[in-house]
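Put chain B on the given structure of chain A with help from the hints.
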Amino acid sequence: MIAYLGRRLIQSLLILLGVSLITFALLYLLPADPVRQIAGRSATPETVENIRRQLGLDQPFIVQYWHYLTRLISGDLGRSYIQRSEVTELIVSRLPASLLLMVGAILCELAIGLSMGLIAAVKRGTATDQTLMVASFVGVSAPQFVVGLLLLYVFAVRLGWFPIGGYGSWRHLVLPSLTMGILGAGWYARMMRSSMIDVLRQDYMRTARAKGLARGTILFRHALPNAILPVVAMIGIDIGVFMGGIVVVESVFGWPGIGQLAWQAIQRVDIPIIMGVTLVSAFAIVLGNLLADIIAPFIDPRIKLR
Amino acid sequence: MTSTPEPVLDIANLSVSVRGEDGEREVVSGLSLSLKRGETLCIAGESGSGKSMTALAIMQLLPQPAARISSGKIRLRDGNNLGAVELTALDERRMRDIRGDRIAMIFQEPMTSLNPVLSIGRQLTESIEAHTGLSHVEAQRRAVEALQAVRISEAENRLKQFPHELSGGMRQRVMIAMALALEPDVLIADEPTTALDVTVQGEVLELLRDLQRQHGTSVILITHDMGVVAEMADRVIVMRNGRMVEEGAAADIFARPQAAYTRELLAAVPRIGSGAGRHASGEPDKVATQDKVAVVNDLHVRFDLRGGFFGRVNRRVHAVEGVSFSIAPNETLALVGESGCGKSTTAKALAGLVPYSGGVTIGGRELATLGGDARKAVRRDVQMVFQDPYASLDPRMRVGDLVAEPLLIHGIGSRQERRERVAALFERVGLSAAQMELYPHEFSGGQRQRICIARALALRPKLIIADESVSALDVSVQARVLDLLKELQREFGVAYLFISHDMAVVENISDRVAVMYLGQIVEIGSRDQVFSNPRHPYTRRLIEAVPVPDPSRRRTRFARLDREIPSATRRIGESMPKLVLKDFGGGHFAAVGD
Chain A
0 MIAYLGRRLI QSLLILLGVS LITFALLYLL PADPVRQIAG RSATPETVEN IRRQLGLDQP
60 FIVQYWHYLT RLISGDLGRS YIQRSEVTEL IVSRLPASLL LMVGAILCEL AIGLSMGLIA
120 AVKRGTATDQ TLMVASFVGV SAPQFVVGLL LLYVFAVRLG WFPIGGYGSW RHLVLPSLTM
180 GILGAGWYAR MMRSSMIDVL RQDYMRTARA KGLARGTILF RHALPNAILP VVAMIGIDIG
240 VFMGGIVVVE SVFGWPGIGQ LAWQAIQRVD IPIIMGVTLV SAFAIVLGNL LADIIAPFID
300 PRIKLR
Chain B
0 MTSTPEPVLD IANLSVSVRG EDGEREVVSG LSLSLKRGET LCIAGESGSG KSMTALAIMQ
60 LLPQPAARIS SGKIRLRDGN NLGAVELTAL DERRMRDIRG DRIAMIFQEP MTSLNPVLSI
120 GRQLTESIEA HTGLSHVEAQ RRAVEALQAV RISEAENRLK QFPHELSGGM RQRVMIAMAL
180 ALEPDVLIAD EPTTALDVTV QGEVLELLRD LQRQHGTSVI LITHDMGVVA EMADRVIVMR
240 NGRMVEEGAA ADIFARPQAA YTRELLAAVP RIGSGAGRHA SGEPDKVATQ DKVAVVNDLH
300 VRFDLRGGFF GRVNRRVHAV EGVSFSIAPN ETLALVGESG CGKSTTAKAL AGLVPYSGGV
360 TIGGRELATL GGDARKAVRR DVQMVFQDPY ASLDPRMRVG DLVAEPLLIH GIGSRQERRE
420 RVAALFERVG LSAAQMELYP HEFSGGQRQR ICIARALALR PKLIIADESV SALDVSVQAR
480 VLDLLKELQR EFGVAYLFIS HDMAVVENIS DRVAVMYLGQ IVEIGSRDQV FSNPRHPYTR
540 RLIEAVPVPD PSRRRTRFAR LDREIPSATR RIGESMPKLV LKDFGGGHFA AVGD
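The listed protein sequences correspond, in order, to chains A and B.
Quick note: the first sequence uses numbering that gives the first Met the number 0, first residue 0, plus one each step.
Quick note: the second sequence uses numbering that gives the first Met the number 0, first residue 0, plus one each step.
No lab work stands behind these hints, which were simulated from the structure alone.
Honestly, I wouldn't trust all of these hints.
[Unchecked claim] Here are the simulated SDA-like cross-link-like pairs (lysine to any residue), alpha carbons at most 20 angstroms apart as the crow flies:
no.: 1; chain 1: B; residue 1: Lys-72; chain 2: B; residue 2: Gly-82
no.: 2; chain 1: B; residue 1: Lys-159; chain 2: A; residue 2: Ala-295
no.: 3; chain 1: A; residue 1: Lys-303; chain 2: B; residue 2: Asp-303
no.: 4; chain 1: A; residue 1: Lys-303; chain 2: B; residue 2: Leu-60
no.: 5; chain 1: A; residue 1: Lys-303; chain 2: B; residue 2: Arg-305
no.: 6; chain 1: A; residue 1: Lys-122; chain 2: B; residue 2: Ala-66
no.: 7; chain 1: A; residue 1: Lys-122; chain 2: B; residue 2: Leu-61
no.: 8; chain 1: A; residue 1: Lys-303; chain 2: B; residue 2: Leu-61
no.: 9; chain 1: A; residue 1: Lys-303; chain 2: A; residue 2: Arg-7
no.: 10; chain 1: B; residue 1: Lys-347; chain 2: B; residue 2: His-299
no.: 11; chain 1: B; residue 1: Lys-72; chain 2: B; residue 2: Leu-60
no.: 12; chain 1: A; residue 1: Lys-303; chain 2: B; residue 2: Lys-159
no.: 13; chain 1: A; residue 1: Lys-303; chain 2: B; residue 2: Val-316
Bound conformation, chain A alone (with noise of 0.2 angstroms):
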């Protein structure tokens, strides 16, 4: 388990490495030119090439990307172009807003996928099951923002139920938590469908009735933990998904976390901003694949890390 621990610890490093390395480089080629952006259009060609010298952004590539790894080591993101403040404080400073509406959306997407596909797949072939996928498949398909902006209009504007936007209280989470959710609900529901269908096709499930145990022992205790383990597999990349889906649904929400500190560095070229943001939703990813495979032998005994 430590062996493995290691390894994996090692493998991820090199991952945010890479990660690091391509970004860097996108952002490197990009035509946008930062400078540009800080100076404004009136600047004289003596102030940018000033401002240039004193952001490192005349040395050749490699010289950069050293000295943004160097400082990286030590916990140092850089400072932002454009609002004059360490990134690191304001990654840290958003970074909680974003982690509970993640976790919202997880607990949504679950809650509703979860019960979805096993409804669907304990009445298979019925009207229940089909209504389900129909649903979930709208939920698959449907933008985030579009999905947003109508429970926007609904709950908030027409019910009054919510509020509009913000952040403080309960009530403002719930919304944008729906929303990211619903995607991830859609998916969970189709794949915990096809998994269940399998579970309960199984020799073990026919020895527990044989057993003459209750529909639902039967259900919850033999055939959930079964079915439930490739879903788990899925958390862990789906924070992947998130991290893409909450710079959409923060801008629709106001919602003041990373997403909506990437959405306007990238409309201002601020390079830090966007390099950092980068790498803590590379970290977040690469932590969730992890404790999504930590957690898979708890569920599944066979499972054995190495």
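Okay, now just chain B, sitting in the frame of chain A:
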């Protein structure tokens, strides 16, 4: 106690139908039987006879919604008074009280019949708790007793183990413990030993018999194996196509079968001692080494297991350890042994499907000295027929193309020539050329195995490796496929490496026999030498474990082996003890001093 014990279970005029694509079809028709207290009733029959459907109907566990009981009554009598419950009329809730408590069932596949994510203890106690209202602690004590009753050592520790940590035989014992923990009136055992090795089968059957004697349980034993029937049954019901063909006391059925089908079925059963009439092709030394079809010399196959921080190889499975044998043209060498002994791996190495070390000479050419192309040409001489005729044919290809494929791969003949050759092969294995256009799912198991044999024959090989090729077939089909194999040998002079766990089949078809245990050959010799005069204790055990299809020769006691078969996994650097074979004369060798 009266002299005629009254029945516990009465089935009257039971019919079960299954809805398929082409409408509803009866799989059990008008079956009536009664099971007396304390007796063992065997329902025997081949696949599709409706025997398993009958069992599921009694439990009200027919696959929903496709199958249903279309008519008939199933009456379960109460233990004390003379009341009875009509099972077909019970609702699900009341049926649940009967399942597991009054009627218990064990299934064929011990590997898949236990839930992989729940501990043994949990799976045992949950049914005790569901039916008795005992506290968890008391249920646990009952579970330990149940495990001890099926002779599982260290029962208390086993409760914490998970199914994958136990061998197939142990899992089946856990299943039996689960079924008998609540002392049911009726135990239905559906092919309980079919998936087990023959020596383990012997132990499990004996265990069932002992437990039945202790508790007076009535047993319905469903099996296709007439040897098992002879070993276990008080009464026998023979079924075919959903109907009862014959019913009677076990001794009568075997001694004086009335129905023609029963006689056929009994005639098809391979028996040890019936393999005579086949001339032994003599001592292997008579054929010079260069004329041998295949010579295997000191063959080793090892699989690496990884572990530790850098995932380095730290252990190895010694699957095959220094195996040597040779096969002459027109000869059948049988390789026997139980699961995990390395017999299939030996075959795969010979066919070039797994990496190996050691010498393999085919048709006088040592493979290690040949280049890629030459080796491919030599490989043509060795073809394989696998165990599962359902899984070894690509379902999306026409069977004619499947048989032609080896010719295509080796670039033999024009399109027309290949067609003609395939058509001739189809005729030869007992199919018609017109069937070449069909897909695998349109054939029965026996026909598919014929197609596999045709495919193996397409390249006119010198050696065919038959890896458990008849094990999945019903006995009557099995007998016909074995006959086909013998005919083809006479006609083409092909040699067989016949891999099997079934000693009766081996005795029937082989010239020479090699017995494998833990990756090594423990005994090799002519069929007569090995069967009439086995020298190694393991060979003796294997032969002795085969159930004899004759109730008058029922074994009273079977030599029990409580330890599990040891593992062939070793740490790096650790070696396996090497067996030394002693020459008993006439080509008969056996390991001694084990």
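Q) Which of the numbered hints above does this structure break? A) Hint check: 4, 8 fail, others pass.
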